[in-house]
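There are 4 protein chains.
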Amino acid sequence: MAGSSFGSHFQITTWGESHGKALGVVIDGCPAGLSLCEDDIQTFLNRRKPGQSKYSTPRREADQIEILSGIFEGKTTGTPISMLIYNTNQRSSDYGKIASVYRPGHADLTYDLKYGFRDYRGGGRSSGRETIGRVAAGAVAVKLLSALGISFCTYTLSIGDIQIDPARFSEQEIQNNALYMPDADAAEKAAALITACMQEKNSVGGIVECKIFNCPAGLGEPCFDKLDASFAKALMSIGAVKAVEIGDGTLASKATGRTNNDQMHAEDGQLIKNSNHAGGIYGGISDGSTITLRAHIKPTPSISASQTTVTTDGNTTDIAIGGRHDPVIVPRAVVVVESMAALTVADALLTNMGSQVAHLKQIYCPKNHFGN
Amino acid sequence: MAGSSFGSHFQITTWGESHGKALGVVIDGCPAGLSLCEDDIQTFLNRRKPGQSKYSTPRREADQIEILSGIFEGKTTGTPISMLIYNTNQRSSDYGKIASVYRPGHADLTYDLKYGFRDYRGGGRSSGRETIGRVAAGAVAVKLLSALGISFCTYTLSIGDIQIDPARFSEQEIQNNALYMPDADAAEKAAALITACMQEKNSVGGIVECKIFNCPAGLGEPCFDKLDASFAKALMSIGAVKAVEIGDGTLASKATGRTNNDQMHAEDGQLIKNSNHAGGIYGGISDGSTITLRAHIKPTPSISASQTTVTTDGNTTDIAIGGRHDPVIVPRAVVVVESMAALTVADALLTNMGSQVAHLKQIYCPKNHFGN
Amino acid sequence: MAGSSFGSHFQITTWGESHGKALGVVIDGCPAGLSLCEDDIQTFLNRRKPGQSKYSTPRREADQIEILSGIFEGKTTGTPISMLIYNTNQRSSDYGKIASVYRPGHADLTYDLKYGFRDYRGGGRSSGRETIGRVAAGAVAVKLLSALGISFCTYTLSIGDIQIDPARFSEQEIQNNALYMPDADAAEKAAALITACMQEKNSVGGIVECKIFNCPAGLGEPCFDKLDASFAKALMSIGAVKAVEIGDGTLASKATGRTNNDQMHAEDGQLIKNSNHAGGIYGGISDGSTITLRAHIKPTPSISASQTTVTTDGNTTDIAIGGRHDPVIVPRAVVVVESMAALTVADALLTNMGSQVAHLKQIYCPKNHFGN
Amino acid sequence: MAGSSFGSHFQITTWGESHGKALGVVIDGCPAGLSLCEDDIQTFLNRRKPGQSKYSTPRREADQIEILSGIFEGKTTGTPISMLIYNTNQRSSDYGKIASVYRPGHADLTYDLKYGFRDYRGGGRSSGRETIGRVAAGAVAVKLLSALGISFCTYTLSIGDIQIDPARFSEQEIQNNALYMPDADAAEKAAALITACMQEKNSVGGIVECKIFNCPAGLGEPCFDKLDASFAKALMSIGAVKAVEIGDGTLASKATGRTNNDQMHAEDGQLIKNSNHAGGIYGGISDGSTITLRAHIKPTPSISASQTTVTTDGNTTDIAIGGRHDPVIVPRAVVVVESMAALTVADALLTNMGSQVAHLKQIYCPKNHFGN
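Chains A, B, C and D supply the protein sequences, listed in that same order.
So for the first sequence, my numbering puts the first residue at 590; every next one is plus one.
So for the second sequence, my numbering puts the first residue at 590; every next one is plus one.
So for the third sequence, my numbering puts the first residue at 590; every next one is plus one.
So for the fourth sequence, my numbering puts the first residue at 590; every next one is plus one.
Okay, chain A solo, but in the shape it has when bound:
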């Protein structure tokens, strides 16, 4: 309940600070029998690794994953999978000066108010490095889901006011540009925007969109644990996210029933939706069609322009944030959003296993026990 665990069946617990010895995650509840190796995880982590383009912090971390438990002969055993990454490139000296000042847009003040003091080195637990655990666990969730045919497509939808043009959408293009945009033209414009921001000692926000294909119908629980509610929590729990949308999202509040309802028809006994404004979820339960999520991400709060703020002893001061920071966090957040979405689906899949007596009979009858 102290907030570092996510999920009730496919449950992860992350730990570690920006400038501590290491960061990691424990996954408890991953079903037994899944092929898994460190490369499966590393591929995911490399998508969030800093220092890969001029648009991300030059802090270079190896971010090399180690799996310490839960795998035997290349397969998950059903018991906890513990993974960690040692921090190697900490420059705490960068942060000494922020020990006594509250950086605007950061959690410095709120951690002090909550705990009485804080680990001021690089944001401690509130640092973006905290997402390493999410991504390592997300890689396992994606691997599990892919064994059931479920797949993800996640990308930068917009940077500032530069949005992709749906007509130019190309899934392949996502990997081609440093911003993970599925539209080469928009990526180029966004790159220019970011460059301008950097020159102005400024930063910029953006939107990440995630599509989930082939998700089984029936996931999500009525009432409070609706699938969309779980997605909302999952995505809003990512440090810089300030809004979450499902399907048409904010447009729904301006729509009418006639335009917003997804009408349906039958074709060869198959139910076909005429549209998918709902984003694949009704009453909090997936219908088997494509699920669409969007996370709105605020601009990086660390900017080198001068800002007014307050010292820990209560005086007004000015601060220009040095250190190594991303002018835009959106591209590195893409894999974090995908990870959180996958963790949510994995958890919903397991939760739903017992939704029908018929499912229990399938698993337990005939049963595998013996005499006495």
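It should be emphasised that the hints constitute simulated quantities derived from the structure, not laboratory data.
All of these numbers come straight from a predicted model, not from anything done at the bench.
Do not rely on the hints blindly, as some may be mistaken.
Note that the list lumps identical chains together, so a pair holds whenever it fits in one copy or between two copies.
In the EDC-like style, the derived pairs of lysine to aspartate or glutamate whose C-alpha atoms are separated by at most 20 Å in a straight line are [unchecked claim]:
id, residue 1, residue 2
1, 610, 655
2, 643, 777
3, 638, 627
4, 610, 628
5, 610, 629
6, 950, 701
7, 610, 856
8, 800, 754
9, 686, 662
10, 950, 798
11, 950, 857
12, 610, 662
13, 664, 701
Mind docking chains B, C and D on chain A? Use the hints.
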């Protein structure tokens, strides 16, 4: 984990279907010693009761609350508070015809896919009547929070494309119009829009905004149980909500660090924020300033215009939804949003009680035990 | 977390006080498609109902169950099942005199210390009537488990120092005597013992034993949620239980590896255990053989003999408990123990559904979704 | 829900197998501001370390703890404390031969039945080495509790049929003998018994008793999360425990109300209990007096005598367990029992923080927020 419980400390469990015998809620974890009576609850329920204006369903329910446990001599005892409302005005006959068809925009199909069959009377558990339990529990949460000086202001921000004008914002006006809008002028225009919708056998969506005043700093847990993440889940779990925003919300993705960061200064040793784009939460933890939330609500899916859909035995058909339905759900959702916000804060308050060793010492030393 | 919920998948929440308006339970997570009616529950409740023999309290309660939600056309829908019983025969006047005194062996003092005050009518929430919710829910669990071939045999093993003779064990006999003992001879002796106790204004304890047949192998989770650990919590949470044993239980601490280990052999490719000292559980996981549990129950603390105690304002006083009390609680606890055991198994069954990737494939592939 | 987490507020998650790379634990929910260093943990771990006497396995492990997160400048930060121990002295070769056979008294069979296969090296996750995480976390809990004046005394009460004589009880003696018995005479006899067992290629069980002093009143939640129920789960979750007792425990089932009730009197306005048969808990809530727990521990199942069992391919075979095993696990379980007891109390302490509105006012009013 089956989804009908919310909160980990101030924990509620709701139950009941639209056309079952009754609906209710059990609150477990309400601290002992809070003055509470049925009127406290009834006042809240009356805000969501149907049949109160021409803009809501003419289904008339007494919606009279009964408290069955957890109160002794006018105070909460610390043990479960069970409350229920008997359904009195069910007209299941209205629903017989929808037993064999999937209504567009409803959860008919997904409940069938999840459970193998469904209670087709009025949506069963996916009905808006499910929110009765939320509101009854929300009333208790609000009462508890008000004992600590925390208060709420919740209202309709927009209906369709009619949005309130902040310059005309009037808290008193909220209770003056049937739409709970804090701007009489906007309320009038919105009423006209809804009337037009009804004539076109259509419905419309809108936005509910909630402000929380005087919330203590330090609420919310790092990482996954951030206060904003919990709000996001709470609000997105309300049937018709498709997007949730915190503070500047979606605007943050178009903003820059310079415009989005909340700079601060000191005045008489007091920290003052120059702005509140973040909506009172940093790193998932409240800073003590006003919290702002918005929920985007889709148009009521039940419309009497003809729509194409599919029967349960797989044929295309047309349907015009009869029965008694709201042309807009937004005004009745206002109290539901406030309830979910209050439940989230109450839970966060209790969770945070043990965040510092100093707090434990305050409560347990000197301790209240005796010899042996 | 406030203690009135049990189970994480088959989750129940009970509520109600001895002398409140009603008592009840909400079950969330019961799989859809189970045939269920009020008679299924009533049969169980009748086994714990007071006033049925001269060995139980003459307080006569109808204890008539009402199901308020979660059932549609005779089957569980997968959504919360709410059940309640109205209290009809409260004589609070009996309890007025205990408002200002702490009864020895009761929770009067500890409730005051925890909450600052207490509902002093008949023990409030700490009353044995609290078990009504457990038994109502237990009846549903037993019905669910019987659909999978799992069955229970629960009985009074001993009253005071009168223990059944295993050589005379008769399952049928359990229903033949008011003490639910499977040995007519022991039952007769125990009856005489209880009668003597009543004459001496005294009470007596005893042991309840529960055997679970045909439980699937694989239930229980490693480490903290071992099946035996969950049973221990389930049984120890019953008001008067002071010790819990699994299999050989306390005897194991005096045994050696040679005598305690269950050796095995193969017969026609079938694994056969030569003994079952472990009670069907190894490493916290069921092996498919018979599970054996025992709960040690203390004597009823309410006795009409005079006892020394303390008043709420801190003076020594004498008290002889009037009112209507059981001289022995053990026979009425039999169905409570069975209920808690069944709830534990039902929860473990659901938890285990996702233990293997192979199980997920069985349920989700080929999946039940449709295009778009 | 997969079983490797314990506690809801002071929540720990353990991971690691006997012969994996490492074992560890993550604590989430430890209050901020507790002084903590690796020595605090190491002291505890040394109490369970193997190879310290001739009565424990000669496997020698450094068992050197590393704290990886959650501590800043010598104090807990309120965020997750991650700790691990690398395995250094694994001799998997000892275990190759048990890959294809089910050892009597072990979890080999049940892990195979649950997960479809198992990590057969030294029992994998079901090994006693799993308790390392419990003890490391227990050390932190004990440190936290000692800051509130709560202390523990835990020891071996009996080995086989050799029980301590209460008249010779000496707390100091506990550290003087390898068996952690508080009675030098009994320790000597027990040592002789164990030596005889070893010669007979046999093993023996015993009882661990734990006393908790100065525990605040009011801990434990009504109904299912009674303090004694939580202790029962905590202790029964330790691999070899087969029975758990609170206070008089099994004796209560043979007692009468007159002998079992704890009468009370007042002395100088102070409530004094005349006895403590209940072991400090009534209605599941602590009364502030000494809490007494007992765990019955089975004999080590690994014995070098020949036993009959079954191979994984279904044939009868004989097995004599080689490798390095303890003839008695009881002395090394002492610190494990104490750790689980401390974790239970720490969790109950935090849970109880919000039991009264008065407590909330103490922490939140006047509150620590600022304008806007």
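Hint-by-hint comparison with the structure:
1. Taking the shortest Cα distances, residue 610 and residue 655 sit within 20 Å of each other both inside one copy (14 Å) and across copies (10 Å).
2. For the identical chains of this complex, residue 643 and residue 777 are intra-copy neighbours only, at 14 Å inside a copy versus 53 Å across copies, given an alpha-carbon limit of 20 Å.
3. For the homomeric pair residue 638 and residue 627, the shortest alpha-carbon distance inside one copy (16 Å) is at most 20 Å, but the shortest distance between copies (31 Å) is not.
4. In this assembly of identical chains, residue 610 and residue 628 lie within 20 Å of each other by CA distance solely across copies; the values are 18 Å between and 22 Å within a copy.
5. In the homo-oligomer, the alpha carbons of residue 610 and residue 629 lie at most 20 Å apart only across protomers (19 Å), although the nearest pairing inside one protomer, at 23 Å, exceeds that limit.
6. When the C-alpha separation of residue 950 and residue 701 is checked against a cutoff of 20 Å, the pair qualifies only between copies, where the shortest distance is 19 Å, while the shortest distance within a copy is 53 Å.
7. When the C-alpha separation of residue 610 and residue 856 is checked against a cutoff of 20 Å, the pair qualifies neither within a copy, at 58 Å, nor between copies, at 39 Å.
8. Taking identical chains as interchangeable, the C-alpha atoms of residue 800 and residue 754 lie at most 20 Å apart only when both belong to the same chain, with a minimum of 16 Å there against 36 Å between chains.
9. Taking CA atoms no more than 20 Å apart as the test, residue 686 paired with residue 662 passes between copies only; the shortest distance there is 17 Å, against 48 Å inside one copy.
10. Taking the shortest alpha-carbon separations for residue 950 and residue 798, neither the intra-copy value of 39 Å nor the inter-copy value of 28 Å comes in at or below 20 Å.
11. In this homomeric assembly, residue 950 and residue 857 never come within 20 Å of each other (Cα to Cα): the closest approach is 31 Å inside a single copy and 26 Å across copies.
12. In this assembly of identical chains, residue 610 and residue 662 lie within 20 Å of each other by CA distance solely across copies; the values are 13 Å between and 29 Å within a copy.
13. Only between protomers do residue 664 and residue 701 lie at most 20 Å apart by alpha-carbon distance; the minimum there is 14 Å, versus 43 Å within a single protomer.
Checked against the numbered hints above, the structure breaks hints 7, 10, 11 and satisfies the rest.
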